[in-house]
Amino acid sequence: MSRKPYVRPMTTEWIFRHSRYARYMLRESSCLFIAGWTLMLVWGLKQLAEGPAAWEAFLQGLTSPASIFFQLLTLGFASYHSITWFNLTPKALPVQLGEEFLPDGAISGAHFAAWAVVSIAILFLAGAF
Amino acid sequence: MSERRIELEVLRYNPETDREPRFQRYSVACREEWVLLDALNHVKETIDPTLSYRWSCHMAVCGSCGMMVDGEPKLACKTFLRDYPGVIRVEPLAHFPIERDLVTVIDDFMAKLARVKPYLIPKEPAPANAEYRQTPAELKKFKQFTLCINCMLCYAACPEYGLIPSYIGPAALALAHRYNQDSRDAGRATRQEEIAATEGVWECSFVGACSEVCPEHVDPAGAIQQVKIKSTVDWYKKHLMPWTKE
Numbered sequence: 480m481s482r483k484p485y486v487r488p489m490t491t492e493w494i495f496r497h498s499r500y501a502r503y504m505l506r507e508s509s510c511l512f513i514a515g516w517t518l519m520l521v522w523g524l525k526q527l528a529e530g531p532a533a534w535e536a537f538l539q540g541l542t543s544p545a546s547i548f549f550q551l552l553t554l555g556f557a558s559y560h561s562i563t564w565f566n567l568t569p570k571a572l573p574v575q576l577g578e579e580f581l582p583d584g585a586i587s588g589a590h591f592a593a594w595a596v597v598s599i600a601i602l603f604l605a606g607a608f
Numbered sequence: 159m160s161e162r163r164i165e166l167e168v169l170r171y172n173p174e175t176d177r178e179p180r181f182q183r184y185s186v187a188c189r190e191e192w193v194l195l196d197a198l199n200h201v202k203e204t205i206d207p208t209l210s211y212r213w214s215c216h217m218a219v220c221g222s223c224g225m226m227v228d229g230e231p232k233l234a235c236k237t238f239l240r241d242y243p244g245v246i247r248v249e250p251l252a253h254f255p256i257e258r259d260l261v262t263v264i265d266d267f268m269a270k271l272a273r274v275k276p277y278l279i280p281k282e283p284a285p286a287n288a289e290y291r292q293t294p295a296e297l298k299k300f301k302q303f304t305l306c307i308n309c310m311l312c313y314a315a316c317p318e319y320g321l322i323p324s325y326i327g328p329a330a331l332a333l334a335h336r337y338n339q340d341s342r343d344a345g346r347a348t349r350q351e352e353i354a355a356t357e358g359v360w361e362c363s364f365v366g367a368c369s370e371v372c373p374e375h376v377d378p379a380g381a382i383q384q385v386k387i388k389s390t391v392d393w394y395k396k397h398l399m400p401w402t403k404e
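Here the protein sequences line up with chains A and B, keeping their order. So for the first sequence, the working numbering puts the first residue at 480; every next one is plus one. So for the second sequence, the working numbering puts the first residue at 159; every next one is plus one.
Bound conformation, chain A alone (with noise of 0.2 Å):
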């Protein structure tokens, strides 16, 4: 008797196979926004070194509703990336104390305030309060 595998080929169905795939796809697309907003922050510090005109003119652009609208969305995206990342940080970062392990909510919520105490220093520095 000879052997005949058959090979199923690999669609992009996967990703609709179950809700997992989906949202992992939407954590994962979220570094398009996010490379996004960064070129426009380098289009920016071009714009800063050309000149006061070109600044205000860049500063003019951003409170366009597309701009903001685009900025929006990043926001969402970059914090959908966060909070799924903190999320799985007890899955990489196990803590073991003498013979058990420490809770997962205490690994993400240490990430979870790491990131709040970092956002509040940027926000004062940048003169939100």
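Everything labelled a hint here was simulated from the structure, so no lab data went into it. It is possible that part of the hints are untrue.
The list that follows gives simulated cross-link-like pairs (lysine to aspartate or glutamate, DMTMM-like), each with its CA atoms no further than 25 Å apart [stated by the list, open to error]: (1) B:K299 to B:D265; (2) A:K483 to B:D266; (3) B:K301 to A:E578; (4) A:K483 to B:D265; (5) B:K299 to A:D583; (6) B:K298 to B:D343; (7) B:K301 to A:D583; (8) B:K386 to A:E507; (9) A:K483 to B:E257; (10) B:K301 to A:E529; (11) B:K298 to A:E579; (12) B:K386 to B:E374; (13) B:K386 to A:D583; (14) B:K388 to A:E579.
Since the structure of chain A is provided, determine the placement of chain B on it from the hints.
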């Protein structure tokens, strides 16, 4: 005992006669407490003796009866029919070639498992007439990873393995980590050559599906991320602190 009729849609493939797989429908009168494996056994015994699938223990220990049930990797012996209201679609484990019907070719996994050396490589031979000593805390450090039954559901769930077949994959990496974490073991450096490579942990992008589908609640995704962190620390130590040679 209540009885109800269920419809199974099973992917069939006969390498001697078929050019490609096709679905075949079976109608089975099943009891409330039946699992999918009971229904498949019933089909084989009373309807169609040509249906091929792997099974052995019927108690989620041997890891033989992994298959896709409505698109999710499951053990047929742990899948209660009462949880499925409609037609149940049964296919061989995804990402593996089909040998016949629900039987897959698992040579790739077996070869990868051997590559990661999933056994104790002790520092020194076992003490004569004595056992290795290990504290409960040292045992707990790796115990969950010992529960792997090599059922390969995690490979069927992992899109990275489906897209990049050279990826060593979740179960083999988790088992390598299990031995690396064992206080009696000294084989980490030899395993690193396989698991810290591109085809090892770095192919993983943390989909996390492997841990979600594991019937024994092992966390291969966690093991892989832990290996990534340890390997990164190794790299920094080697390049920034070359005097701290092992």
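Exercise for the section: Quick one: which hint numbers does this structure break? Sort them smallest to largest. Expected result: 1, 10
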